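Participant: Top line first, the protein sequences correspond to chains X and P.
When you line the first sequence up against this note's numbering, it's residues 1 to 293, in that order.
When you line the second sequence up against this note's numbering, it's residues 1 to 289, in that order.
Please note that a few of the clues may not be correct.
So, partial list: chain X residues that the calculated Cβ filter (under 8 angstroms) puts toward chain P [to be verified]:
(1) Leu40
(2) Arg200
(3) Thr204
(4) Ile205
(5) Pro208
Part of the chain X face toward chain P, derived, beta carbon under 10 angstroms [as the list claims (entries may be wrong)]:
(6) Phe28
(7) Phe60
(8) Ala163
(9) Leu209
(10) Pro212
(11) Phe215
(12) Leu218
The hints are simulated quantities; they were obtained by calculation from the structure and are not laboratory data.
Please read these numbers as outputs of a predicted model, since none were measured by experiment.
Each residue gets a CB set at the ideal place from its N, CA and C atoms; glycine is no exception.
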Amino acid sequence: MDKRVTFKGWLLPLLLIAPQVLISVVFFFYPAGEAVWQSLFIPDPFGLSMQYVGLGNFEFLFNDPYYRASFVTTAVFSTLVTLVSMVPALFLAVLADRLVKGAGTYRTLLIWPYAVAPAVAGVLWLFMFNTRIGVVAFYLNQLGYDWNHVLNQNEAMGLVVVASSWGRISYNFLFYFAALQAVPKSVIEAAAIDGARFWRRFFTIVLPLLSPTTFFLLVVNIVYAFFETFGVIHTITSGGPQQATTILVYKVYADGFVGQDLGSSAAQSVVLLVVVGLLTVLQFKFVEKRVHY
Amino acid sequence: MADIRKEPPPGMVEKRGGALWLTHALMIAGVLVIFFPIWLAFVASTHTQPEIAQAPMPVLPGSHLIENYKRALFSGVNVPVATMLLNSLVMALGIALGKIAISLLSAFAIVYFRFPGRKFFFWMIFLTLMLPVEVRIVPTYQVVAGFGLLNSYSGLILPLIASATATFLFRQFFLTVPDELAEAARVDGARPMRFFVDILLPMSRTNIAALFVILFIYGWNQYLWPLLITTKPEMNTIVMGLKQMFPSGDDIADWPVIMATSILAMIPPVIVVISMQKLFIRGLVDSEK
């Protein structure tokens with residue numbers, strides 16, 4: 001993986017790499033180290049001194065029912081976001097793949113939501129489901145369903161899941177569409193000649209061929225649900241009602257900035273670091289697999 | 001043998017008559033459902049507050065488009081939206097161009113030189129992949145505050161600028177550049193930076209453009225970071241300022257202006273994605289590899 005031909009000198013390359021290294025140290029490694037350090041202390045009420053508590057913050061954290069609930073919330077949330085964003089995307093991609101004409105136009109239209117920021121998506125969905133003026137909430141009421149995501153925990157979860165998944169459908173659609181176009185037509189034709197109908201062909205041939213893409217999207221969407229959906233949750237529910245939509249990243253923010261509980265927030269950051277580490281390893285394990293495909 | 005490998009003509013498998021129309025119909029239905037939230041926001045941005053507040057609100061555009069957008073752009077709620085648009089533009093461009101610049105330089109150093117600590121720095125950059133800003137918000141905030149960078153463009157841009165992904169992308173690409181080019185440059189007595197500027201940069205044009213599209217949207221759509229470090233309304237970016245436009249408590253939100261703002265917030269990234277669609281898809285696939 002190394003070049004045979006290189007330039008001489010060591011000062012120039014050090015200068016070239018310096019900006020990136022400097023920014024990484026100041027804004028990445030130092031803060032991450034600081035988070036680990038702070039997680040071992042409790043500041044006194046006046047913020048004048050720090051008391052060493054060892055793993056006390058972690059012990060306290062995992063005994064905190066709200067924190068444990070937040071783990072469950074995050075698991076439920078990311079599973080639902082992954083499902084709700086991948087299944088419709090696959091369905092639309094299969095449809096687009098069957099079209100010889102017009103697939104490009106549909107693709108252009110379907111890309112739009114990807115460009116919409118999660119926080120803006122949150123506002124759009126909030127507007128539709130607003131309990132006072134939302135159009136969808138209004139018609140649900142007309143049908144006899146009393147929609148109120150401000151009070152009902154499941155409805156709040158449903159709304160943040162849909163709002164988070166919406167833009168992601170575009171993303172998953174693009175990857176599935178590209179993967180479907182790469183499936184050899186001759187394999188499909190052969191199955192068709194053998195008498196396999198569309199859905200049978202889809203489940204026995206196409207879906208297995210798509211599995212590398214599916215696995216890749218699973219990991220990427222879980223990472224998205226964990227770390228990039230803060231904007232949606234902050235705009236729609238602010239973690240409520242009764243913390244029903246407080247995912248781990250939201251809790252770090254809520255405890256660290258709103259609650260000013262620095263020790264606990266730092267301990268939560270460290271837990272998240274471990275989670276990101278595991279997800280990254282998973283991602284790279286998979287990237288290696290994908291090369292063999 | 002040649003016959004077997006030949007692809008059958010397209011359309012041999014169920015692309016006839018009824019099935020084709022059904023596919024189109026389902027596709028159109030899908031697009032309509034996906035588009036509905038954007039359409040509704042646009043409609044709301046063309047009506048007056050009472051028209052929207054009277055449920056159910058209309059689903060066709062009204063006649064107050066210019067008035068609402070003018071009000072949003074030049075007065076807004078806390079600060080004119082034009083100001084927030086400018087802040088977002090500076091932030092998105094700063095992040096995209098900054099990431100590309102420092103990644104190009106460090107990838108060049110790693111691929112084309114042998115210097116002490118090369119492997120160490122490489123792994124160091126690699127590790128930043130595992131540290132999204134969401135994970136280290138409190139200490140990073142303290143660092144930025146310590147430098148006095150709250151409410152500044154540098155504070156918005158710098159902490160988000162280091163990018164392992166972009167560095168790896170350029171590294172991969174540089175590794176595919178034929179050795180003969182560097183060899184020739186060396187024989188001709190060209191200095192490394194000459195080679196970088198005259199040969200490597202022009203060759204990376206497409207990669208740079210594809211990455212720019214992805215990074216511009218990444219920068220534009222940031223929410224948590226600007227929320228933390230911009231306490232003055234005049235430094236708000238449009239994506240985070242949108243939420244600040246909602247009144248606290250029971251006051252009625254100014255929906256026409258808020259919806260006009262959300263449309264304004266999505267126009268620049270949508271234009272970038274649609275007009276550079278090919279580059280965008282390429283960048284998406286490249287940066288996830």
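Participant: None of the hints should be skipped; say for each whether it holds.
Facilitator: Each hint, compared with the structure:
1. Look at Leu40/X: its Cβ only gets to about 13 angstroms from chain P, farther than 8 angstroms, so that hint breaks.
2. For Arg200/X, the suggested interface contact is broken, since its CB lies about 12 angstroms from the closest CB of chain P, more than 8 angstroms.
3. Nearest Cβ of chain P to the Cβ of Thr204/X: about 15 angstroms, over the 8 angstroms cut. The hint is violated.
4. Nearest Cβ of chain P to the Cβ of Ile205/X: about 12 angstroms, over the 8 angstroms cut. The hint is violated.
5. For Pro208/X, the interface hint is violated, the least distance from its beta-carbon to any beta-carbon of chain P being 18 angstroms, above 8 angstroms.
6. Annotation: Phe28/X was flagged as interfacial toward chain P, and the flag holds, the nearest CB pair being 5 angstroms apart, inside 10 angstroms.
7. The criterion of a C-beta within 10 angstroms of any C-beta in chain P is not met by Phe60/X, whose closest approach is roughly 17 angstroms, and the hint is violated.
8. Taken as an interface hint, Ala163/X checks out: its beta carbon lies about 9 angstroms from the nearest beta carbon of chain P, inside 10 angstroms.
9. The interface hint given for Leu209/X is violated, since its Cβ lies 15 angstroms from the closest Cβ of chain P, which is over the 10 angstroms cut-off.
10. With a cut of 10 angstroms, the hint placing Pro212/X at the interface with chain P is violated, because the nearest CB-to-CB distance is about 12 angstroms.
11. A distance limit of 10 angstroms between C-beta atoms decides the matter here; for Phe215/X the minimum to chain P is near 13 angstroms, and the interface restraint is violated.
12. The interface hint given for Leu218/X is violated, since its Cβ lies 13 angstroms from the closest Cβ of chain P, which is over the 10 angstroms cut-off.
Checked against the numbered hints given earlier, this structure breaks hints 1, 2, 3, 4, 5, 7, 9, 10, 11, 12; the rest are met.
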